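There are 2 protein chains.
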Amino acid sequence: MERFFQAQSVAVVGVSNSPTNMGRFMAANLLEFRYEGSIYLVGPKGGAFLGHKIYPSVLDIPEPVDLATILIPAAAVPEVLRQCGEKGIRRVILQSAGFRELGEDRRKIEQEVLDLLNVYQMRLIGPNCIGIINRHNGLAVPFMPLQAEGPPGRIAVISQSGGVGAMLIDTLAGEGLGLGKFASIGNKLNVNEADLLDYLLEDNQTALIFCYLEGIAQGRRLMEVAAGSGKPIILHKSNRGGAGAIIARSHSASLSSDHQVVSAALRQCGIVQVFEQREAAECLKAFSLPGMQGNRLAVISRSGGHAVIAADAADEFGFTLPPYPAQTIDRVREQSRAKVIQLHNPMDLGDLFDLQLYRELAEMTLAREDIDGLLFIHNYQGIFDGEPSRKLIADLAQIGSRSEKPLAICVFTPEAQLIQNRRAVHFPIFTDPREAVRALARNRDRGKFRTLPFATRRPEDLKPELVRAELGQITPAPTQLSPLQLARILTAYGIPLVPWAPVQSEDEAVATAQRFGFPVAAKTGDPLILHKSDIGGVFLNLPDAAAVRQAYRKLAAVGGPAVLVEKMAEPGLEWFIGGRQDNQFGAVVITGLGGIYVEIFRETAIRIAPIDDEEAGHLLDECRGAGLLSGVRGQPEWDRDVLTKVLVRISWLLHDFPQIRELDLNPVRLFPAGEGCCVLDWRATAESAL
Amino acid sequence: MERFFQAQSVAVVGVSNSPTNMGRFMAANLLEFRYEGSIYLVGPKGGAFLGHKIYPSVLDIPEPVDLATILIPAAAVPEVLRQCGEKGIRRVILQSAGFRELGEDRRKIEQEVLDLLNVYQMRLIGPNCIGIINRHNGLAVPFMPLQAEGPPGRIAVISQSGGVGAMLIDTLAGEGLGLGKFASIGNKLNVNEADLLDYLLEDNQTALIFCYLEGIAQGRRLMEVAAGSGKPIILHKSNRGGAGAIIARSHSASLSSDHQVVSAALRQCGIVQVFEQREAAECLKAFSLPGMQGNRLAVISRSGGHAVIAADAADEFGFTLPPYPAQTIDRVREQSRAKVIQLHNPMDLGDLFDLQLYRELAEMTLAREDIDGLLFIHNYQGIFDGEPSRKLIADLAQIGSRSEKPLAICVFTPEAQLIQNRRAVHFPIFTDPREAVRALARNRDRGKFRTLPFATRRPEDLKPELVRAELGQITPAPTQLSPLQLARILTAYGIPLVPWAPVQSEDEAVATAQRFGFPVAAKTGDPLILHKSDIGGVFLNLPDAAAVRQAYRKLAAVGGPAVLVEKMAEPGLEWFIGGRQDNQFGAVVITGLGGIYVEIFRETAIRIAPIDDEEAGHLLDECRGAGLLSGVRGQPEWDRDVLTKVLVRISWLLHDFPQIRELDLNPVRLFPAGEGCCVLDWRATAESAL
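Protein sequence lines, in the order shown, are assigned to chains A and B. Going by our numbering, the first residue of the first sequence is number 1, and it counts up by one from there. Going by our numbering, the first residue of the second sequence is number 1, and it counts up by one from there.
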């Protein structure tokens, strides 16, 4: 990727003298951003623009070229790309639209492009993108006119949409935050977000990355790349596709929509997810500050009301507010005019007009050992104390830049003043105490994640060869596994099942029940019946042979002769464990409080498989039912350890066998601590290996 | 209140020639805002300012005066107020700080002020406030320099904090939204938010009200005033006081913190609650648009990425996206240049550069019968198509102003452009598709509330006289009611209890159990033991006399000789019903899924009492456990009707008897539909009437 951003020469293909020609804007941007390399313009009609000759073809350029940008009708792209290849150009940005986004018939041209990339060993960004920017060397090839605002910064932006990306550049400029590198990646035919992240996470001009994506190309690679880095990554994944979701056949599918899986995956690898642009801006500001190492927050505010709002937010986001030491309070009190100020934390400076003292307070407070971060709220109207206020904000920004602790500056002032300040300081300025406190909380909470997103060591006693044998016979189309088949698979991975057996007659049912010991349960064995209890397909607590016979007859009438007899398990806590294969991230595991609560509360938690004991523990902690596990109000403590182990094993099973498309264990009956668990009901859909 | 805002003459008390004197800013503001009445300046040192003589006292003013503003040291306030009274001034704004906010010793001056208000029949806003503004007549008396931006509008602002209020004025100006009236109310010694709301809801220059409050003075009056009005009210209630909350003795108290009660009360009377300034701005923009009457949203976007984000948001906030008719699509297709645009809804205009067609599309779409509202997203960089874009936005604002359906305009452009547009159009402009869609959802969802917040007709068979008799003997200090006493109270209000009796000996326990029929339960009768099962204070399912004797002996050892014997109720669904007295809103009722789930999930819903059947139904629907009531997966449908009736009766009980401070019915055992319910455990704290 470095060869894209550090290109020493660029050919802009698609320039003409037509006034609506967009290639001309690329040339203009390269000049506006003061590109340090050589610029060559290319267009079949020739001519000149901004003093640069327009070559008819890249083959006519007399010097070697590092990078070409192409903005011409899609049909003409393959030929130009071939010429680039011949010219020895190995990096191309294809901005033209009109590929697969317009329909499947355009795939043919895409295939030609892919073949050429292969032939010439070229890398390509796009198509259907607006190009890249490197503020550090002035390489700026978007095809809309841009302005190079402020000095280059350490923020990188990757955007699938050109429009969203361009507007984010404006937002950064408006917030006074410095852009360093930018890439619009469009259809991601060759280079995708993981390629770029891989590069930007190593790039020492980049400290912080924002991505806007409408689809994720290589989910697991993205997770691995992101987890390995210490740099904050903020991601807005749109195109959640809620309205068009397919009706799900299993709990696992209905409890893990694409966007729930995306959210789980991003949390699992430490990427911060956002849902709108101002949330993105808030995060970029949050992570531009040094890391907050604890919960102890000091607040200084010129307005009492904003101090109250800050205190609410501190409480909401889990900060403590240590009191100010006597020394600080005395210092303020001696300067106070009408003595009508409040000197606890948040400190309300009220009628204190000595802005020099404000600076002093900020420095004193940041130096305190019992404070992890400072929120400084200032307000002014501009007419009255504009000059000293702007000076104060500039000084605070300087104090903040030097500090190892975060200083969040929050300013209330008319918009024109705000813009003036932002342009002057190039330091984050917040405009609401709650926004600032939430940003500090995001800052504090980042980094609470693993550097490896997935488990690496599998439990030793898994028997994949037995599973492989079972799955060897399944059909290409997805089918429901028979209870017996799935039971063998689960047993091979060490999942404890309730004692059970399939029976084919009344007599066999009674004999089996006698073998298990009464009471027993009887269920229909029809794998296609999803919610057995809804159609009278489950009989529990059958106390004797007569009851078993009666149940068998009813079940045979409902679901056919295949009936399951199970031992009634001891009472316990019912849990749900499931999983499925996700198109973007592979195997996922899902868990939550079981039984009917799965459906009513739908409070499950998700992880991308495989996971280890530690991650399974976090997964359980995320479930709202987790509080029940430790035993409340006279209930015993339940066997959380065994639940953890089952989760780990299920995660490996789904990871090892993508043929298992969806799996529900519901309920898993959990016994008191040390007494294990057993699965009472199991269902899975499988299809032959893809 | 009208005499404050429509004052024909104002005396500004506290003006001097000192350069730091703040009274001078009031005079300057009255001139800046072109006050239509007479201005008199008052200050003991005399002199003149801005051409106005400074009178030594209000008594020296030769003409009558409608309104006085006072900004002088607190100690001098009573004498000046007396002079105002003698002068015949009946409306006063007291801006001075230094009253109760600095400590209890300042209450003495407050009492003097209150006495003077009484003697002279004066109304007073403040103290500790910045004053009021009426843009329609130029009355503007805050003591910081302000600018009168844009034309007067129909938004009124009430703010307890001067700083927050002033900054909200800036926000309105920045958003191009028109302020009409403003009041900073400070300590609310005399005039409070309900007084002002009462006036503003009747005021025909006001269409929309925002309040910032740190405390609510008259909660029930506020609810009644708000519910009666069709005007949107947006409220930010800060000072949630989470950190300092007292440890609660009952479930009801722990499940209904002050801020949860505030949220419930506001929902109940149709006030929209917000938690930060930009959320307030979003709501003000949302409610500046005409009401959205349905879910059918059309989206037109110049950028494909923003169209995708808008589609996600439409899904998230429950909108449908009807397709565009062929006529519209044809109209667009014939103008499209590179034919690379998407013509479903959201419509991505892509490379369509004819902004005149944009206007036409907006009008065509708003006119459609199958569309309830339109989101129009435009983006431009300013350099390229600034002029036509600004024209487009002005035209869209005009189309939106004429339309009876909401047109949400969302613009992406550099900040300077945005400000220019906002100043030009005075129409809401959103800056993120999700913000705009959420605003439309807020707009659509408003008005789904009752005009009377409380029930007015009590169930006919309540017997308050029996309750009064029981409560006649309680002590002033809060005490736990005995089970017997509380049982009589509940029975008087028609609440069904499980058959139960207090017993004092083993023999009596056995005799009682035999009378009820086995199995029975036995519990400690010690009212001070809160969680009986934690300390072995509950025995369930006692099958025979021997078991009852053994249980009695154990319970007597734990909690003393008072033991309760109860019939074991049939199995059913356990529910929680409780309530307490709230300092701001009076009686509240709380409900949710019962048993151990109360503590684990803490998913309860709250209403201010009394409520009727309909409101009790809404209350149940708010509970996450509500799905269980209708019966899932083989469970019966439970008796929701009886639950509703118990909620109504409990709400009247707590409303009628504020002496009952906290009440827990947990669990209420619910039987299948038509079979009723019974309360298995009941507890309450009471104190004698205040």
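There's no promise every hint is true.
The list treats identical chains as one, so a pair stands whether inside a single copy or across any two.
Claimed, not checked - Listed next, the in silico SDA-like pairs over lysine to any residue satisfying Cα-Cα at most 25 Å (straight line):
| no. | residue 1 | residue 2 |
| --- | --- | --- |
| 1 | K231 | R468 |
| 2 | K231 | A75 |
| 3 | K45 | R402 |
| 4 | K45 | Q550 |
| 5 | K463 | S257 |
| 6 | K391 | N21 |
| 7 | K108 | R333 |
| 8 | K554 | P152 |
| 9 | K53 | E675 |
| 10 | K645 | Q514 |
| 11 | K567 | F49 |
| 12 | K645 | I109 |
| 13 | K87 | Q635 |
| 14 | K391 | G138 |
| 15 | K391 | G174 |
| 16 | K391 | M22 |
| 17 | K554 | Q635 |
| 18 | K45 | A75 |
If you are wondering where the hints come from, they were derived from the structure by calculation, not from laboratory data. Small disclaimer: the values here were computed from a predicted structure and weren't measured.
Verification of the supplied hints:
1. With identical chains, the CA atoms of K231 and R468 are never at most 25 Å apart, being 41 Å at best within one copy and 67 Å at best between copies.
2. Taking the closest pair of Cα atoms, K231 and A75 never come within 25 Å of each other, the shortest separation being 40 Å inside a single copy and 58 Å across copies.
3. Taking the shortest alpha-carbon separations for K45 and R402, neither the intra-copy value of 55 Å nor the inter-copy value of 49 Å comes in at or below 25 Å.
4. When the C-alpha separation of K45 and Q550 is checked against a cutoff of 25 Å, the pair qualifies neither within a copy, at 89 Å, nor between copies, at 104 Å.
5. For the homomeric pair K463 and S257, neither the shortest alpha-carbon distance inside one copy (30 Å) nor that between copies (53 Å) is at most 25 Å.
6. For the identical chains of this complex, K391 and N21 are inter-copy neighbours only, at 23 Å across copies versus 45 Å inside a copy, given an alpha-carbon limit of 25 Å.
7. In this assembly of identical chains, K108 and R333 lie within 25 Å of each other by CA distance solely across copies; the values are 24 Å between and 77 Å within a copy.
8. Proximity of K554 to P152 under the C-alpha cut-off of 25 Å is found in neither arrangement, the shortest distances being 76 Å within a copy and 77 Å between copies.
9. For the identical chains of this complex, K53 and E675 are neighbours neither inside a copy (82 Å) nor across copies (91 Å), given an alpha-carbon limit of 25 Å.
10. With identical chains, the CA atoms of K645 and Q514 are never at most 25 Å apart, being 32 Å at best within one copy and 49 Å at best between copies.
11. Taking the closest pair of Cα atoms, K567 and F49 never come within 25 Å of each other, the shortest separation being 85 Å inside a single copy and 96 Å across copies.
12. In this assembly of identical chains, K645 and I109 lie within 25 Å of each other by CA distance neither inside one copy nor across copies; the values are 50 Å within and 69 Å between.
13. Taking identical chains as interchangeable, the C-alpha atoms of K87 and Q635 are never at most 25 Å apart, the minima being 76 Å within one chain and 74 Å between chains.
14. Proximity of K391 to G138 under the C-alpha cut-off of 25 Å is found in neither arrangement, the shortest distances being 31 Å within a copy and 33 Å between copies.
15. When the C-alpha separation of K391 and G174 is checked against a cutoff of 25 Å, the pair qualifies both within a copy, at 20 Å, and between copies, at 23 Å.
16. Taking the shortest alpha-carbon separations for K391 and M22, only the inter-copy value of 23 Å comes in at or below 25 Å, while the best intra-copy value is 43 Å.
17. Taking the shortest Cα distances, K554 and Q635 sit within 25 Å of each other only across copies (19 Å), while inside one copy they are farther apart (36 Å).
18. For the homomeric pair K45 and A75, the shortest alpha-carbon distance inside one copy (18 Å) is at most 25 Å, but the shortest distance between copies (86 Å) is not.
Consistency with the previously given hints fails for numbers 1, 2, 3, 4, 5, 8, 9, 10, 11, 12, 13 and 14, ordered from lowest to highest.
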